[in-house]
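Chains as they are written, first to last, in the numbering used here: chain A, 19 to 446; chain B, 33 to 149.
No wet-lab data here; the hints were simulated from the structure.
Just so you know, not all the hints are guaranteed correct.
Dumping the calculated DMTMM-like pairs for lysine to aspartate or glutamate here, alpha-carbon to alpha-carbon at most 20 Å [stated by the list, open to error]:
1) 116/B <-> 30/A
2) 81/B <-> 345/A
3) 24/A <-> 102/B
4) 24/A <-> 123/B
5) 357/A <-> 30/A
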Amino acid sequence: MEITQKELARIEDLTRRYATYSRSQAGLSAAWGGLCVALLGGLVLSNDILLYSNHLGLDGNPGFWRFLWKQPDPGLAQGSFLSSIALALPVLWLVGRAWIQRRVYERHGLVIEAQTPLNVGIQLVHLIAEIALAAMLILGVWIDLAFWGFPAARIPGALLSNAVVLMLPLFGRRMVSSPDRNALLMLCLGSATVLAGGHPEALLGEMLCCIVLGLGLVALGLFTHSRFRKVKRELDALPVDTSGPPSGAPTTVIERRSFAPRILPRDGADLAVALAIAALQTTWLFVLPSFFAGFLTHSSAIGECTFFVLLAVFLSFSVEKITVDQDGLRFHRLFGSPKFLAWERIVEVKEAPRNELIFRGWIWPPFPPREMTACLSSIGHYRITWDDGYCYFPPADAPQFEALVAKKVRDTQASLHSPATPAASAQP
Amino acid sequence: MSHEDNLIPPMLALDRVVHEPARLAILTALFAAEEVEFLFLQKVTTLSKGNLSSHTQKLEAAGYLKTTKEFRGRIPVTTFRITKAGRAALETYKIQMQKFTENMLRSGQGNRDQTKS
Chain A
19 MEITQKELAR
29 IEDLTRRYAT
39 YSRSQAGLSA
49 AWGGLCVALL
59 GGLVLSNDIL
69 LYSNHLGLDG
79 NPGFWRFLWK
89 QPDPGLAQGS
99 FLSSIALALP
109 VLWLVGRAWI
119 QRRVYERHGL
129 VIEAQTPLNV
139 GIQLVHLIAE
149 IALAAMLILG
159 VWIDLAFWGF
169 PAARIPGALL
179 SNAVVLMLPL
189 FGRRMVSSPD
199 RNALLMLCLG
209 SATVLAGGHP
219 EALLGEMLCC
229 IVLGLGLVAL
239 GLFTHSRFRK
249 VKRELDALPV
259 DTSGPPSGAP
269 TTVIERRSFA
279 PRILPRDGAD
289 LAVALAIAAL
299 QTTWLFVLPS
309 FFAGFLTHSS
319 AIGECTFFVL
329 LAVFLSFSVE
339 KITVDQDGLR
349 FHRLFGSPKF
359 LAWERIVEVK
369 EAPRNELIFR
379 GWIWPPFPPR
389 EMTACLSSIG
399 HYRITWDDGY
409 CYFPPADAPQ
419 FEALVAKKVR
429 DTQASLHSPA
439 TPAASAQP
Chain B
33 MSHEDNLIPP
43 MLALDRVVHE
53 PARLAILTAL
63 FAAEEVEFLF
73 LQKVTTLSKG
83 NLSSHTQKLE
93 AAGYLKTTKE
103 FRGRIPVTTF
113 RITKAGRAAL
123 ETYKIQMQKF
133 TENMLRSGQG
143 NRDQTKS
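When you get a sec, could you build the whole thing from the sequences and use the hints?
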């Protein structure tokens with residue numbers, strides 16, 4: 019192996035840029051946080067406006083708000099809809115953030131950023147931003163109070179809220195250094211304020227700030243994510259070491275070929291099993307969320323729309339075919355980029371028994387993976403296991419799939435685990 | 033003593049553990065971060081799994097990196113971290129190589145001057 023100064027610089031630069039998404043850059047998780055913050059702010063604000071227009075005796079309520087709020091909520095803690103949202107959003111954000119980090123920014127493995135003077139400088143910028151945010155939120159509360167003529171009953175609540183806001187930069191310093199913490203803190207603050215109850219009109223300024231800053235976080239998150247995409251493109255373009263297997267070891271050379279999934283059941287029993295599982299999955303994945311959406315909004319139309327949207331999302335993102343070539347496997351879907359698995363990453367491709375498919379593929383985990391297929395057969399599924407996950411795929415042409423893919427994986431694994439390969443090529 | 037003779041001692045003084053291209057690539061990647069997982073290291077250095085394992089073992093034996101093995105769910109995850117000795121070795125190597133390159137360029141210039149005269 020030869021290496022030039024330019025290649026070393028490339029390795030260092032790529033590692034450094036990739037590592038920033040573990041600490042100082044946030045990307046999509048900041049955008050997701052900003053969206054949650056803006057949503058919370060928007061909901062409280064719409065409630066405020068409706069409440070204020072009712073208070074003035076105006077009947078100019080826009081249709082959407084009237085639809086959203088059948089009855090404006092004068093004490094936020096009493097409103098089940100807003101309270102549920104306020105309670106669920108920080109949890110949803112944290113779950114979403116963990117998922118985004120794992121699936122997007124740690125796709126090629128976790129790399130933790132080193133603390134450099136630049137990094138410390140970025141943290142300082144964040145601290146200043148948080149102080150500015152705290153100042154804006156405090157100002158917002160006092161503008162509200164001025165609007166309502168500084169009612170004495172609200173002064174203690176406002177002071178308490180100010181104290182919480184002032185602690186924001188202090189808490190922020192102890193958390194992971196990235197714009198994520200701004201999102202989390204704003205979200206927690208907004209949710210805590212809503213759950214603590216009180217009169218929503220006092221939160222008008224705060225919620226306006228939430229919307230503005232939330233949208234700012236969305237823009238920042240999307241911008242930083244676009245830079246990550248460049249890093250990912252550079253990483254994906256790197257060659258994969260396919261050093262040949264040791265002499266005597268089996269090898270398989272394969273041409274590019276596509277495999278469509280089998281959709282139809284094979285016999286009556288197969289259809290019965292597939293329908294029973296499909297009913298269970300439909301209830302869990304589509305019916306329950308739709309029912310929940312309808313219940314929260316008091317609207318059956320919203321519930322029905324949710325059902326069809328979820329179904330459309332499922333079908334649009336399910337795998338429509340697998341392409342196999344000399345480099346690896348590619349999962350193709352109607353929407354979303356094809357997922358690529360290099361042969362070196364694939365640990366095993368093996369036909370899965372029906373029991374395993376039902377319990378490990380269909381029932382648990384309850385949310386199907388990205389590589390799901392809309393298949394009505396429980397026979398002839400292959401389990402594809404790679405270094406950090408697995409999925410099941412039912413090729414329509416199973417014998418050909420077995421002959422090409424399973425054999426190639428076995429050969430690749432044999433060459434990787436052969437003691438001759440590293441020893442022969444790792445000598446200095 | 034000729035210019036070429038001056039190049040031999042610095043060449044011999046180079047750390048052979050760091051001088052190997054694959055190990056140099058590994059140390060360079062680890063130098064740029066606090067902690068790096070096997071998967072990323074394999075990707076960025078474009079080494080095969082077997083080669084990477086072999087070279088990291090040699091670096092660990094030299095005390096230049098520290099390996100941590102853990103299970104994340106059911107998946108084994110190997111993480112590497114450069115040690116202070118590794119960091120110092122890489123920095124020293126870079127300085128030595130820079131001096132060596134400069135000497136080589138000077139030597140080339142000297143030879144050309146001698147040929148002209």
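* Violated constraints from the hint list, given by number and in increasing order -> Hints 3, 5 are the ones this structure does not satisfy, whereas the remaining hints hold.
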